[in-house]
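I would like the entire structure built from these sequences, with the hints used as guidance.
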Amino acid sequence: MSAEQALQYCLAGVTVGSIYAIVAIGFNIIYNTTGIINFAQGEFVVLGAMTAISLHTVTPLPLAVAGAVAITAAAGGLIGAGLTRAVKRPTVLRLIIVTIGLSIVLRAAVLHIWDEKVRALPFFTGTEVSSVGFFGARITPQALWVLGICAVTVAGLTLFFRHTLTGRAMRACAANRTAAGLCGIPVGRMVTLSFTLSAAIGALAGCAISPVTQTQYDMGAPLAIKGFTVAILGGMGNSLAAVAAGLLLGVLESFSICIFPLAYQHAVSIAVLLAVLVFRPSGLFGSRDVSALKEH
Amino acid sequence: MEGRRYIPIVLLLLAAVGVQLTLSACDAAYYLTQLTMSLYYAIVAVGLSLLMGYAGQVSLGHAGFFAIGGYTAAVLATRNLAVEPGAMARALGAMGLLLQREDLYGQTIVYLSPWVSLAAAILLTSAVACVIGVPVIRLKGHYLAMATLGFGLIVYYTVLGAPGLGEADGFSDVPGFRLAGPLEVNGRSAFRVQNFYIACVLAAGVMALGGNLVRSRMGRALRAVHEGEEAAQSLGIHVARAKFGVFLLSALIAAVAGFFLTHYNGGIGPSEATALKSVRYLAIVAVGGMANLWGTLIMGVGLNFLSLRGAFGSFDDAVFGVILIAVMVLAPEGVFRRLPWPFRRKGGDDAAAA
Amino acid sequence: MPPLLEVRGLNRRFGGLHAVRDLEFDVEEGRIQALIGPNGAGKSTVFNMIAGALSPDGGDILYRGARITGRAAHAVAAMGIARTFQTTRLFPQMTVLENVQVGRHIRSSAGFLAGLFHPPWSWREEREIRRSAMETLEKLGLAALAGTTAGTLSFGQQRLAEFARALAMEPNLLLLDEPAAGLNMHETAALATLLTRIREWGITILIVEHDMSLVMDISDHIVVLNQGAKLREGRPAEIQRDPEVIRIYLGDDHA
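Residue numbers (the numbering used here), protein chains in the order written: chain A, 6 to 301; chain B, 6 to 359; chain C, 757 to 1011.
Do not take every clue at face value.
Below, computed lysine to any residue pairings styled on SDA-like, alpha-carbon distance capped at 25 Å [said to hold, decoys possible]:
1. B:145 x A:284
2. A:122 x B:173
3. C:895 x C:883
4. B:145 x A:243
5. A:122 x B:323
6. B:145 x A:40
7. C:895 x C:787
8. B:145 x A:96
9. A:93 x C:905
10. A:93 x B:233
11. B:145 x C:843
12. B:145 x A:279
13. A:93 x C:910
14. A:93 x B:331
15. B:145 x A:92
16. A:93 x B:335
17. A:93 x C:845
18. A:93 x B:336
19. A:122 x B:166
20. C:895 x C:953
21. A:122 x B:318
22. B:145 x A:285
23. A:93 x B:323
24. B:145 x C:809
25. B:145 x C:868
26. A:93 x B:324
27. B:145 x A:242
28. A:93 x C:907
29. A:93 x B:334
Keep in mind that the hints were calculated from the coordinates and are not lab data. Since the structure is predicted, the reported quantities are computational estimates derived from the model, not experimental observations.
In structure tokens:
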């Protein structure tokens, strides 16, 4: 493999990897406030992209993306609000089962509202051919968009969680939900907010990646499991580490084509997941003690 | 006294006779085909109920074990050993473990006796269950769910991607499985009635063994592990071993059901290994009442039968998603809280709660 | 004959905190021995290390002269060391009888295969498990509650049922983690009677307890911990008079 080729694989990996990172952050936001792993996380990505594609037939692209993010966020908020109210005596097993059910229902909804066809948003700017040279490799303008959106999302969320009252309240829920409730933080509303927020960034990721990988109704599950892999790899709840882990997994997956047939590309990521779960469930960057406290 | 526990099993077999006679009398014997398939799927769910309902360990990878059983059956029954027979094939032939049939074009195919491939399926499943189960079963909650989901997906991508496993098409020319004399696991209509009974007897066997297990010392230990690992440990229960034992058992039940159904259907494809199939088994266990083998069996047969009859139309998968949500929201203890005496669970527990 | 339990040079750190340091004591067979000390003295840490729930950083624990240091909790239990928990941990969805039957686990042997196929020898074992579980319940006056779901019992009944479950193991050593916590005076008195009865059945007891009057009442021997190390040990009367113990521990109440 030439250096240019290797770089090209790297760039492809980094692009997809930043989407995994955003999905992982979506997992983290909900996990932090509720302790739930939302198995329907990948469906938000598909729902967002599909909505944007439909809106784009009547509105300009920026409006379509904004609309899709808003609609998906609303759907996420509704789910979050419904979930904690509807499930009585919520145990881990029950919540897992409910979010699995949700992911299947959402997937079926996407299949029925749209269909099984592969669709795509157009490039945000430029076209397939307007790639820019980068040390001998080509990088498409959309890849730059994806990276930019990932960076802005992470920066925005970091600021939100560190410097706004609501963000701090959500972090308080993460640290100790009972105590947060006693301090007068409306825990129920924080749960709804976390679902809204994580659906919104999922939808944004879906729109950004759609021109690159295209969108189909059944893409949610693989995205969810890879996003989860990244979340675990980075150590549950740690968003900055999730970005690093996302890029790592994206690049790894990209290079795996050199060794394994394309058909096993997904399997490689999943093998990484199993290896991390078994050998280092606290993630690459986390300490074992912390993860021991978080397991339940 | 000890025989009393088998009364429901006898009732199950009597009910099977009743169903068969009624359907045959009404000239609707074709329903038996879907009932037979539903029974095999229900058996997988019953095995999962032991793992999930009693021991409290979630698995989203049981379609993977089903597929391992089914694909072993398909691969070994369709490989023609007449072409370049190796030393191994000759040795098997000398032991009388090879069978012959003619394919569609009149070519003679020499293939391994399904009894041998059943043994192979059991060994392979055990080996896979050990490799995956020993480390994974120590994980808890979400982590276990994701790990088993990952395992199932790896099986799916493997059968989808491997040329030797038929890729997207799977296998379609798997012969029947001659059990004894005229008894044969075979989907052709001439074998329809006896295959319904074969599936019923297999289901009855699994119910009997499962029923025995949950009332036994190990059964109580599994429920104890479910309800409090630390307390269970303090009473001398080897928690990891107990969990792994029931994981292996339920994996084997899934693989054997997959093995039989593949011979019955005459083939298997990657769709049997999807995560959606695993979720179906999960939904059946949930709606059957989690720690409730009879509820799981009844729901497994009923829902799969409706699905195979096309009753859910294009909402086939969505129905199972809705079931999962509805059960957790409306009746997390399952819909079979009050069963008549012979089917009632011992001790009145609802181990599904924790 | 060596003592039933020997603790030798036991150490355990949590980060910077040296929770247990160079601890040594014996538990003689047939005694009720108490482990006391102010909050944070390391009693629970020691307790959990003996029960196998926590592994020590250094030192040894010997049971009947054999090392059990760092063994898993289930292995410790299988040697005949039973324990109860500070907050009772019954299996809430199982009946009281089933809970106690699980207590017979180490005294029976039917595994997965026997469970599945239910051979005649396992019928006998199963009957024996049931009979001896009922017997234990009768001994503790719980027979009437055998069929009750454990989670619905009152607090005091739950504690008693957990005792029954531990006693069903026929242990040689019973470890009790604050058994009087949350009990009223009447119940505590009943507990004291029960503990002396258990000693009469030949079971050695190591008890971690806050209730001083209970400890002084029933113990044969007391070990006082302070800041992870042993401060004193001796008979209740000696401990009660010891000025050092009064200063660090009883000081608040009695000085």
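Going straight from one Cα to the other, do residue 145 of chain B and residue 40 of chain A come out at no more than 25 Å? holds, 13 Å
Given the hint that residue 895 of chain C pairs with residue 953 of chain C, does the C-alpha gap stay at or below 25 Å? Since the Cα atoms of residue 895 of chain C and residue 953 of chain C sit roughly 10 Å apart, the hinted pair holds (cutoff 25 Å).
For the pair we were handed, residue 145 of chain B and residue 843 of chain C, check the Cα-Cα distance against 25 Å. holds, 22 Å
For residue 93 of chain A and residue 324 of chain B, compute the direct alpha-carbon distance and say whether it is at most 25 Å. holds, 22 Å
Satisfaction of hint between residue 331 of chain B and residue 93 of chain A, Cα-Cα up to 25 Å: The hint holds at about 12 Å.
Satisfaction of hint between residue 787 of chain C and residue 895 of chain C, Cα-Cα up to 25 Å: holds, 21 Å
Regarding the pair residue 145 of chain B and residue 243 of chain A, is the alpha-carbon distance no greater than 25 Å? holds, 20 Å
Between the alpha carbons of residue 93 of chain A and residue 334 of chain B, is the straight-line distance 25 Å or under? Holds, at roughly 7 Å.
Under the criterion that the straight-line Cα-Cα distance not exceed 25 Å, is the pair residue 93 of chain A, residue 910 of chain C satisfied? Holds, at about 23 Å.
Check the hint pairing residue 122 of chain A with residue 173 of chain B against an upper bound of 25 Å on the C-alpha distance. Status holds; Cα separation ~18 Å.
Between the alpha carbons of residue 145 of chain B and residue 279 of chain A, is the straight-line distance 25 Å or under? holds, 13 Å
Would you mind confirming whether the straight-line C-alpha gap from residue 93 of chain A to residue 336 of chain B stays at or under 25 Å? Answer holds: residue 93 of chain A to residue 336 of chain B is near 10 Å, not above 25 Å.
No hint from the list above goes unmet by this structure.
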